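Taken in order, these protein sequences are the chains called A and B.
Every letter in the first sequence is one number past the one before it in numbering that gives the first Met the number 0, and letter 617, counting from 1, is 616.
Every letter in the second sequence is one number past the one before it in numbering that gives the first Met the number 0, and letter 136, counting from 1, is 135.
For the record, the hints were derived by calculation from the structure and aren't laboratory data.
Among the hints, erroneous ones may be present.
As the list claims (entries may be wrong) - Capping the alpha-carbon separation at 27 Å, the derived lysine-lysine pairs in DSS-like fashion look like this: (1) B/Lys189 / A/Lys601; (2) B/Lys154 / B/Lys189; (3) A/Lys564 / A/Lys627; (4) A/Lys560 / A/Lys645; (5) A/Lys670 / A/Lys645; (6) B/Lys57 / A/Lys627; (7) A/Lys601 / B/Lys154; (8) B/Lys177 / A/Lys670; (9) A/Lys715 / B/Lys177; (10) A/Lys601 / B/Lys177.
Here the structure is a predicted model, which means the values were calculated and not measured.
Spelled out from the first residue to the last, the chains are:
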Amino acid sequence: MKRLVFIILSFFAASIAKAQIAIDTLNTEVLNQLLIEQIERLAEDSDEDIDFEELLENYIFFSENPININSEDVMQLVELRLLSVFQYEELKRYRRYYGDFLFLEELEMVEGFDEQTLAIIRPVVYVGKDQSKDKLTLNKMARYGKHQIVGRYEQILEKQQGYEPYDDSLLLAKPNSRYLGSPQKYQFKYTYNYRNRIRAGFVLKKDAGELFFTDKVSDTIQALLGKNYRKGFDFFGFHLYAKDLGIVKAAVLGDYQLAFGQGLTMWSGLSFGKAGAGSSVMKQGRGIIPKSSASEYGFLRGAAVTLGGGPFRGTVFYSNRWIDANVSVFDTIDNEVAEFVSSLQETGYHRTIGELQDRHAIRQQVIGGHLSYAMNHFEVGYTAHHTWLSAPLQLKPSHYNQFYFQGQKLTNQGIDFKYVKGKYALFGEVAMSMNFDSTALAGVSVGSTTLNRFAGLVALTVKPAGYLNFTLMYRDFGRAYQNLFSNAFGEGSRNQGQRGIYLGVEAAPAPYWHILAYADQFQFTWLTSQAYAPSRGHDYYLRISHSFNRRTHAYLQFRSKTKMKNSTDGFAFTHYPISYTKNAVRFNINYQMGSDFHFCNKAEYAHYHNDDGINEHGYFLCQDVAYKPENKPFSLTFRYAIFDAKDYNARIYTYESDILYSFSVLTLYGKGMRVYLLGKVKLFNALTLYARIGRTIYSDRDQIGSGLTLIDGNHKTDLKVEAIWKL
Amino acid sequence: MKKFLLLFTIILTTSTLFAYDFIHPMGGRAAAMGGSSVASQGLWAMQNNPAGMANLEKISLGLYYENRWLMPETAYKCGAFALPTKFGCLGLSFNQFGSSKYNENKFGLAYAKDFGRYLQIGLQLDYLLLKIGNDYGSFSAVTFELGIQSQVTDKLTLGTYIFNPVNFSFKQTLNHEKIPIVMRFGLAYKFTKDFIGQCEIEKDSEREGVSLRGGLEFEAVRNFFVRAGIQTNPGILSFGLGYAISFAQVNVAAQLHNELGASVQIGMIFSIGK
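Modelling step: build the complete structure from the supplied sequences, incorporating the hints.
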């Protein structure tokens with residue numbers, strides 16, 4: 000069989016090779032589109048500003064450093080949601096029966112690999128000999144290793160309130176009324192990669208408003224900041240990573256991420272959560288992941304190692320990081336001074352006096368491990384970790400945060416499993432938290448039974464036919480389940496005090512048609528910061544996509560989400576939650592003209608209403624034009640958009656093309672237009688430059704933003720420049 | 000009664016903002032198909048999406064009259080002339096809304112070029128003139144409009160159009176009266192040789208909400224067309240007939256608005272050439 004395939008393919012090899020170039024550019028578009036959709040959904044789901052760089056790093060890394068389809072790394076395609084678990088199983092089966100792949104085109108013969116899948120994964124895989132057992136030599140590492148340097152500059156060109164001139168008396172009276180540093184953002188990154196086996200690098204970053212070498216601060220302010228006064232790059236990170244060294248499957252020193260099981264016990268960093276709908280709600284814990292991005296929160300810093308032998312894998316890790324926190328001091332009865340933390344800061348910004356004072360205020364140490372056992376179709380794992388802070392966390396007492404983590408020490412453990420065979424995939428995780436630190440927690444244990452400290456989720460995916468799959472998932476996170484590193488499937492970012500049931504369907508009912516739909520119904524079993532009573536909600540989603548031909552793809556998407564939050568009715572005597580609903584409809588069409596021009600149109604409508612009788616509408620229309628000439632070293636992307644959304648509630652989230660390694664999802668509300676121009680030019684083989692300038696012009700206001708980011712004018716212009724040097 | 004209702008509606012809709020009517024789908028075909036026109040071709044494309052006149056083969060002259068709500072005071076008059084050349088298609092256009100007491104005029108110089116099947120681009124430079132009677136005077140401004148069309152498959156044509164993309168305004172007026180930015184995009188789908196469906200979305204920066212439009216055209220007998228369409232915001236149902244021979248076309252349409260009643264449209268195109 001194998002030989003026959005080989006002969007047939009050799010025949011076609013020549014013609015295939017010719018067509019390859021055009022196909023490849025097209026495929027990256029398909030991959031990008033997939034990514035854009037997931038990122039936009041993620042942005043809609045989370046209320047905070049997210050640094051997507053962290054999440055994207057992996058995608059971009061693999062599109063530049065393709066995965067060998069004959070190696071175990073293929074599993075990472077599943078985690079990146081480029082392959083379904085069923086496709087992965089089929090792939091493994093094919094390899095077992097017919098041996099290693101010789102041609103990429105062989106993938107078409109694997110069951111469940113349709114044109115769409117091939118289009119998506121082609122840019123990130125290659126066919127090669129499994130080199131994971133090759134000997135590492137310094138000679139090879141020096142010769143075949145790839146070096147990369149990325150330098151970036153970003154700035155908002157209009158002057159924001161926080162950068163207005165100030166004198167010391169103003170800052171002494173209102174310490175947080177100005178940014179101390181300059182409005183530029185600088186980032187510098189170096190990475191080394193040898194065949195995805197050895198990776199190393201470091202990153203330096205200075206955010207807008209943070210103090211740089213050239214910024215001047217008066218002595219009074221310096222004295223006020225004390226040891227927290229520092230200039231230069233605010234963030235420094237590095238990593239040293241190796242994998243497949245005999246029984247050492249992976250090892251890292253420096254900054255890293257961990258991802259185990261379904262993310263209930265340990266999943267540092269971001270995850271797509273609900274954004275990756277359909278059958279892809281199953282997570283694939285990748286274990287140790289080196290972190291090269293410059294995001295300043297949600298990661299571990301220290302060392303970790305994974306050992307493996309036969310069906311067993313074991314990981315141990317230790318992390319020791321100084322994190323930002325608001326520290327207060329109080330006198331104890333014995334006249335000793337003690338510290339406690341009133342909140343943990345997660346923005347990573349150190350621009351104002353207040354932010355600088357909180358910088359690296361406490362030490363967070365984490366120690367733990369993961370042990371897994373994998374049989375043919377079955378895998379089970381156990382995770383445990385213990386966190387301790389150098390000062391106890393004591394939140395401002397409120398009913399909603401009564402079960403949040405407080406104190407100094409926290410232990411988490413969990414068991415995860417998955418079983419994938421034939422048409423079925425069953426997976427889940429059960430976890431519990433133990434907070435024995437009761438000193439600072441008077442009253443907290445009220446209503447917190449042992450059962451409330453547990454959290455669990457279980458799901459079943461069934462694939463009755465190749466073109467159809469269903470997923471049913473149930474989750475129940477106890478209201479006292481506390482975990483600083485939990486990132487499982489759920490509504491909102493907090494895996495605590497939540498129960499829900501999810502049903503997702505993915506279908507390809509006809510050639511070139513694809514349907515994705517889900518319904519998620521959830522209850523918050525305790526109060527939340529926005530709803531002062533237990534509340535409920537649901538989230539419905541439907542997307543129908545169609546390819547008219549290989550150059551023209553369109554989709555129509557509906558989303559309706561209902562949740563509850565406190566009524567803003569001024570005459571009410573007490574806080575009570577009311578329902579609010581946000582509906583959004585979007586039509587998107589991408590088409591290509593010739594091989595050089597790519598066009599995209601998008602129309603979006605958002606509607607918000609709540610039980611207080613508020614009704615708001617938002618509209619967005621855009622035209623994208625990208626000129627990407629073949630065999631030319633440059634490309635240009637342009638967008639023209641108009642938007643009209645009366646208020647923040649009916650805001651529109653929109654993805655924008657960006658410089659490499661950066662990703663923007665813009666939140667638009669108000670009335671006006673948005674334009675941007677992105678250019679890329681390859682100067683030499685090794686050096687690529689990117690520049691992007693974007694401007695939002697409002698027609699309904701003369702001031703943009705508020706507080707420190709207030710701009711006196713009706714436009715806001717952002718500029719980004721990046722240089723990438725590859726060796 | 001009708002005048003009262005019209006006055007009432009105008010007061011209602013203009014109390015918060017004032018919108019100009021420089022941009023209005025022109026031509027009897029567009030009018031019959033609910034105003035959808037961004038992905039259609041022909042002479043009137045000059046006013047609806049200039050990219051659509053890129054493939055015009057004959058020298059053409061068109062006249063169009065719309066008796067809106069059956070009141071001459073709110074009528075549209077429009078004329079267009081197109082000259083296809085080797086380097087693309089050139090055009091001249093004029094349209095007027097209103098009466099002697101109040102009128103909005105647009106003079107346009109258009110150019111469209113075909114870059115193969117996948118891409119047609121059109122551009123029109125506009126001179127806008129706003130005249131208000133009783134010594135209020137007249138105000139003028141300059142702007143432009145841009146459009147593209149692409150026939151992505153044998154059946155599907157996509158079009159996008161933007162009027163006044165850089166947001167010019169009437170500088171002479173007291174409040175620097177804004178000229179709306181109007182953006183449309185939509186598609187035309189040829190179900191069979193003689194049956195076409197069109198739909199589009201329009202956002203006018205000075206109006207609340209968006210307008211959705213759709214229409215169908217059926218060539219019932221050779222050269223004889225039956226059309227119907229629908230439009231939201233304002234909600235209008237429309238239908239019409241068309242007859243086309245090699246040197247002339249006549250299209251008539253009627254639109255029905257629930258409160259304001261009927262409007263009738265007639266358009267004629269004469270062409271010479273091969």
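Do the hints match the structure? See the list:
| no. | hint | result |
| --- | --- | --- |
| 1 | B/Lys189 / A/Lys601 | holds, 22 Å |
| 2 | B/Lys154 / B/Lys189 | holds, 5 Å |
| 3 | A/Lys564 / A/Lys627 | violated, 46 Å |
| 4 | A/Lys560 / A/Lys645 | holds, 19 Å |
| 5 | A/Lys670 / A/Lys645 | holds, 7 Å |
| 6 | B/Lys57 / A/Lys627 | violated, 34 Å |
| 7 | A/Lys601 / B/Lys154 | holds, 21 Å |
| 8 | B/Lys177 / A/Lys670 | holds, 13 Å |
| 9 | A/Lys715 / B/Lys177 | holds, 20 Å |
| 10 | A/Lys601 / B/Lys177 | holds, 25 Å |
The structure fails to meet hints 3 and 6 from the earlier list, while all remaining hints are met.
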